[in-house]
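**Q** Chains A and B, in that order, give the protein sequences.
In terms of the numbering used here, the first sequence has 69 at position 69, counting the first letter as 1, and numbering is strictly consecutive.
In terms of the numbering used here, the second sequence has 31 at position 31, counting the first letter as 1, and numbering is strictly consecutive.
No lab work stands behind these hints, which were simulated from the structure alone.
None of these values were measured; they are calculated from a predicted model.
All C-beta atoms, glycine included, are put in the ideal place defined by N, C-alpha and C.
Don't take each hint at face value.
[Said to hold, decoys possible] DSSO-like, lysine-lysine: derived pairs with alpha carbons at most 27 Å apart:
hint : chain 1 : residue 1 : chain 2 : residue 2
1    : A       : K211      : B       : K164
2    : B       : K239      : A       : K47
3    : A       : K47       : B       : K257
4    : A       : K73       : B       : K196
5    : A       : K52       : B       : K123
6    : A       : K47       : B       : K48
7    : B       : K52       : A       : K47
8    : B       : K52       : A       : K46
9    : B       : K164      : B       : K182
10   : A       : K46       : B       : K164
11   : B       : K123      : B       : K182
12   : B       : K123      : A       : K264
13   : B       : K12       : A       : K52
[What the hints assert, rightly or not] According to the in silico footprint, chain A covers these stretches of chain B (three or more CB under 8 Å from chain A):
hint : stretch
14   : 192-198
15   : 286-294
[To be verified] Here are the computed distance ranges between Cβ atoms for each label pair:
hint : chain 1 : residue 1 : chain 2 : residue 2 : range
16   : B       : Q284      : A       : G41       : 32 to 38 Å
17   : B       : E102      : A       : N466      : 41 to 47 Å
18   : A       : T85       : B       : R79       : 42 to 48 Å
19   : B       : G130      : A       : Y144      : 46 to 52 Å
20   : A       : Q141      : B       : D216      : 39 to 45 Å
21   : A       : G426      : B       : L127      : 54 to 60 Å
As a plain string of letters, each chain reads:
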Amino acid sequence: MTSDLFGNYPISPSIWDEMYDEERIRPQYQDVYNFLLNIPGDDLSKKEELAKRLFMSQGITFTVYSSGEGVEKIFPFDIIPRIITASEWSFIERGITQRLKALNLFLKDVYNQQFILKDGIVPSDLIYSCPHYLREMQGVQVPYDIYVHIAGIDLIRDSDGTFYVLEDNLRTPSGVSYMIENREITKRIFPDLIPQNQVRPVTQYPSILYKNLMELSPRQINSPNIVLLTPGIFNSAYFEHTTLARLMGIELVESRDLVVENHKVYMKTTGGLEQIDVIYRRVDDEYLDPLVFNPESVLGVSGILSAYRKGNVAIVNAIGNGVADDKAVYVYVPEMIRYYLNEEPILKNVPTYQLGKPDEQEHVLKNINKMVVKKTNESGGYGMLMGHASSEKEIEDYKKEILKDPRNFIAQPTISLSTTPCYINGKVQPRRIDLRPFALCGPSGIEIVPGGLTRVALKEGSLVVNSSQGGGSKDTWVLSV
Amino acid sequence: MERTDSILRMLKTNYASSQDNRDEFTWRPVLKIFGSFEDDESITKIEKSSRKVLHYIVLDRTNPNSVFNMVTESRENARGVQDNITKELWQSLNEFYHVVREERLEYSLQFEDPITVLDGLIKQCMLYYGVADITMFRGEGLSFMNIGKYLERATQSAGVLDIKFSDNSYDLDKESDTTYWKNLLLSVSGYALYLKRYRSGFEVRNIIDQILFNVDFPRSVLYSLNQLQKYTERLRDDKNTEGFSQLDFQIGKLRSKVLYSDVQSVSRVGLHHFLTEISADFAQIGVTLNQYYFAYS
Numbered sequence: 001m002t003s004d005l006f007g008n009y010p011i012s013p014s015i016w017d018e019m020y021d022e023e024r025i026r027p028q029y030q031d032v033y034n035f036l037l038n039i040p041g042d043d044l045s046k047k048e049e050l051a052k053r054l055f056m057s058q059g060i061t062f063t064v065y066s067s068g069e070g071v072e073k074i075f076p077f078d079i080i081p082r083i084i085t086a087s088e089w090s091f092i093e094r095g096i097t098q099r100l101k102a103l104n105l106f107l108k109d110v111y112n113q114q115f116i117l118k119d120g121i122v123p124s125d126l127i128y129s130c131p132h133y134l135r136e137m138q139g140v141q142v143p144y145d146i147y148v149h150i151a152g153i154d155l156i157r158d159s160d161g162t163f164y165v166l167e168d169n170l171r172t173p174s175g176v177s178y179m180i181e182n183r184e185i186t187k188r189i190f191p192d193l194i195p196q197n198q199v200r201p202v203t204q205y206p207s208i209l210y211k212n213l214m215e216l217s218p219r220q221i222n223s224p225n226i227v228l229l230t231p232g233i234f235n236s237a238y239f240e241h242t243t244l245a246r247l248m249g250i251e252l253v254e255s256r257d258l259v260v261e262n263h264k265v266y267m268k269t270t271g272g273l274e275q276i277d278v279i280y281r282r283v284d285d286e287y288l289d290p291l292v293f294n295p296e297s298v299l300g301v302s303g304i305l306s307a308y309r310k311g312n313v314a315i316v317n318a319i320g321n322g323v324a325d326d327k328a329v330y331v332y333v334p335e336m337i338r339y340y341l342n343e344e345p346i347l348k349n350v351p352t353y354q355l356g357k358p359d360e361q362e363h364v365l366k367n368i369n370k371m372v373v374k375k376t377n378e379s380g381g382y383g384m385l386m387g388h389a390s391s392e393k394e395i396e397d398y399k400k401e402i403l404k405d406p407r408n409f410i411a412q413p414t415i416s417l418s419t420t421p422c423y424i425n426g427k428v429q430p431r432r433i434d435l436r437p438f439a440l441c442g443p444s445g446i447e448i449v450p451g452g453l454t455r456v457a458l459k460e461g462s463l464v465v466n467s468s469q470g471g472g473s474k475d476t477w478v479l480s481v
Numbered sequence: 001m002e003r004t005d006s007i008l009r010m011l012k013t014n015y016a017s018s019q020d021n022r023d024e025f026t027w028r029p030v031l032k033i034f035g036s037f038e039d040d041e042s043i044t045k046i047e048k049s050s051r052k053v054l055h056y057i058v059l060d061r062t063n064p065n066s067v068f069n070m071v072t073e074s075r076e077n078a079r080g081v082q083d084n085i086t087k088e089l090w091q092s093l094n095e096f097y098h099v100v101r102e103e104r105l106e107y108s109l110q111f112e113d114p115i116t117v118l119d120g121l122i123k124q125c126m127l128y129y130g131v132a133d134i135t136m137f138r139g140e141g142l143s144f145m146n147i148g149k150y151l152e153r154a155t156q157s158a159g160v161l162d163i164k165f166s167d168n169s170y171d172l173d174k175e176s177d178t179t180y181w182k183n184l185l186l187s188v189s190g191y192a193l194y195l196k197r198y199r200s201g202f203e204v205r206n207i208i209d210q211i212l213f214n215v216d217f218p219r220s221v222l223y224s225l226n227q228l229q230k231y232t233e234r235l236r237d238d239k240n241t242e243g244f245s246q247l248d249f250q251i252g253k254l255r256s257k258v259l260y261s262d263v264q265s266v267s268r269v270g271l272h273h274f275l276t277e278i279s280a281d282f283a284q285i286g287v288t289l290n291q292y293y294f295a296y297s
């Protein structure tokens with residue numbers, strides 16, 4: 001049985017595997033490996049079943065609508081945890097803290113004096129041509145100069161195990177509820193394994209976030225009113241919105257529950273209007289205020305931006321952050337770190353070519369088979385071209401797209417993501433993964449909960465981990481020793 | 001039955017937190033509340049082993065307070081008063097009894113996911129409450145059941161508070177781990193209410209306030225006292241006037257005492273002192289009840 005379980009686990013020297021170091025098992029995986037070896041018969045499949053049932057009965061689902069009837073689906077979950085050692089984590093932690101500091105300073109700068117543009121570090125045309133740069137935010141004072149309160153920085157590992165930042169998510173990063181729920185499920189299906197391995201807990205996330213939200217309140221009162229603004233039950237992350245609201249004990253509201261009067265935001269309650277101090281919004285910038293942005297939006301609240309500009313309400317994350325996680329601006333993040341902090345970047349960027357620059361464009365088009373080309377303002381794995389896996393025709397069509405507006409495209413050499421063991425169809429097989437840790441930035445500093453969301457490309461050989469493209473997730477363990 | 005329910009909830013929360021951090025975690029407080037140990041040594045022997053504790057509290061035949069023994073006893077009691085309870089209620093208890101006797105339970109508790117087992121048992125408790133609520137006619141029988149229920153609940157809540165704070169040597173200003181308080185609230189199903197009502201992080205005084213004085217919290221001492229008074233009032237009739245007035249007097253006195261206290265006044269007299277006093281008063285109410293209503297002589 002046991003040799004079957006791990007039989008034919010392919011190890012390739014050009015891919016970093018989180019568990020195998022050539023033929024040996026890395027020490028952090030030893031316990032889990034032994035545990036899996038000693039599981040009798042089909043118990044592992046039973047555990048997989050149990051996990052599915054738990055996700056279902058706890059409503060950790062999203063709904064797919066077809067022919068008028070909702071079907072509850074679960075986000076695929078792989079039962080074998082992904083393990084990060086204490087030293088790897090402390091490196092990641094330092095790297096993300098540094099990066100986030102610089103990005104916050106960058107946003108403050110871009111929306112105020114713009115020193116970094118005047119000093120020629122970041123080209124002005126790149127900023128002004130970014131659709132997420134919002135002129136409306138120019139000169140707005142945000143509380144404590146914090147723009148990015150919640151960041152999800154996506155990390156990947158190359159064949160030698162080096163961590164790279166793949167992208168920054170500074171707008172409304174999602175997935176944190178899965179970090180919390182995956183851990184709860186693992187506790188259930190592998191009793192005692194977590195304490196045995198001294199895994200650091202992740203349950204404190206909602207209380208840290210809550211504390212930060214409290215501290216942002218513009219009114220100095222005992223119990224400020226904090227709400228979570230959701231687009232509504234049809235949003236695919238609605239489960240996450242309800243979970244976070246419940247875990248923090250704050251109200252979950254939709255746009256129709258809020259109203260702006262005299263530059264203040266109020267919530268409609270059975271006892272009349274109540275002033276709102278802090279809004280944790282999960283609605284995108286362009287839908288947030290129909291008076292200023294998309295006038296068709298029914299997800300936003302008219303006048304909310306004016307209340308924000310007057311400082312009567314704090315909005316988390318700040319509006320206009322998209323200019324900092326634009327994929328073309330990403331290229332300049334290492335420069336920002338040097339410019340604002342006078343430090344060398346700890347975490348590396350993936351080498352990135354901007355197609356807006358003629359020489360780089362030429363290089364990319366010549367070597368397009370070895371490249372991944374992405375649109376700068378798309379996320380979720382949409383609108384990208386994987387050079388090595390595309391047909392001639394797809395490439396030709398995509399090239400035409402690029403030439404229409406090169407500014408909107410970047411290209412990166414195909415990075416061979418690291419793999420980790422997954423339990424698929426009764427066998428343990430390697431699958432590609434990335435890592436999204438969640439960093440929280442409040443008036444008292446930056447905190448990163450030890451863990452994160454490990455996303456898995458469940459299709460064999462696939463390099464795309466996005467959930468919208470058939471990806472799944474894993475529980476992510478950070479060991480304390 | 002009330003005790004069974006609170007034990008199971010306590011076990012579930014504590015087991016879940018034992019999965020968070022094994023080094024610091026100990027079952028000691030739980031064993032102190034629900035165990036019946038003669039000496040401290042036997043606690044020390046098993047306090048670090050979740051599975052042993054689960055066995056001891058859920059299934060151990062020699063522990064008079066084990067879920068197994070309590071359910072068995074409740075069933076025996078119910079068998080004796082079948083004429084006073086509905087058939088549905090008797091059946092739900094009987095079924096519960098057969099569930100805890102199942103041999104499979106022992107294995108699942110030891111080698112599989114204990115939370116599934118505990119959830120199953122908690123469901124039996126909830127079934128019992130639901131059946132009692134919708135089938136029992138509003139007569140004397142139901143009043144006595146509810147008096148027993150709220151007497152037990154108030155005693156449990158006071159007891160839990162007492163034991164949890166004894167770890168802290170009753171120092172209300174001492175900072176301690178938030179997960180510790182979170183678990184306390186979770187095990188009395190009061191976490192969600194706490195978050196909504198008190199907001200400002202974990203403040204020890206607020207926790208005491210919720211568990212002793214919050215009238216909207218179904219497990220608070222004051223809520224239980226209000227219910228106790230309500231159901232006692234229904235016993236008023238011309239026959240047992242002496243018993244009734246004794247009971248009514250004691251409950252009323254205790255209720256006033258709790259109603260006109262607050263966290264400040266409690267901390268002035270000392271939390272432990274206060275809790276011991278009200279626990280003794282609850283015990284006395286129980287004695288009075290037995291003496292005037294259930295004694296054969």
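**Q** Any hints this thing doesn't respect? Which numbers, in order?
**A** Violated: hints 2, 3, 4, 10, 12, 15, 16, 18, 21.
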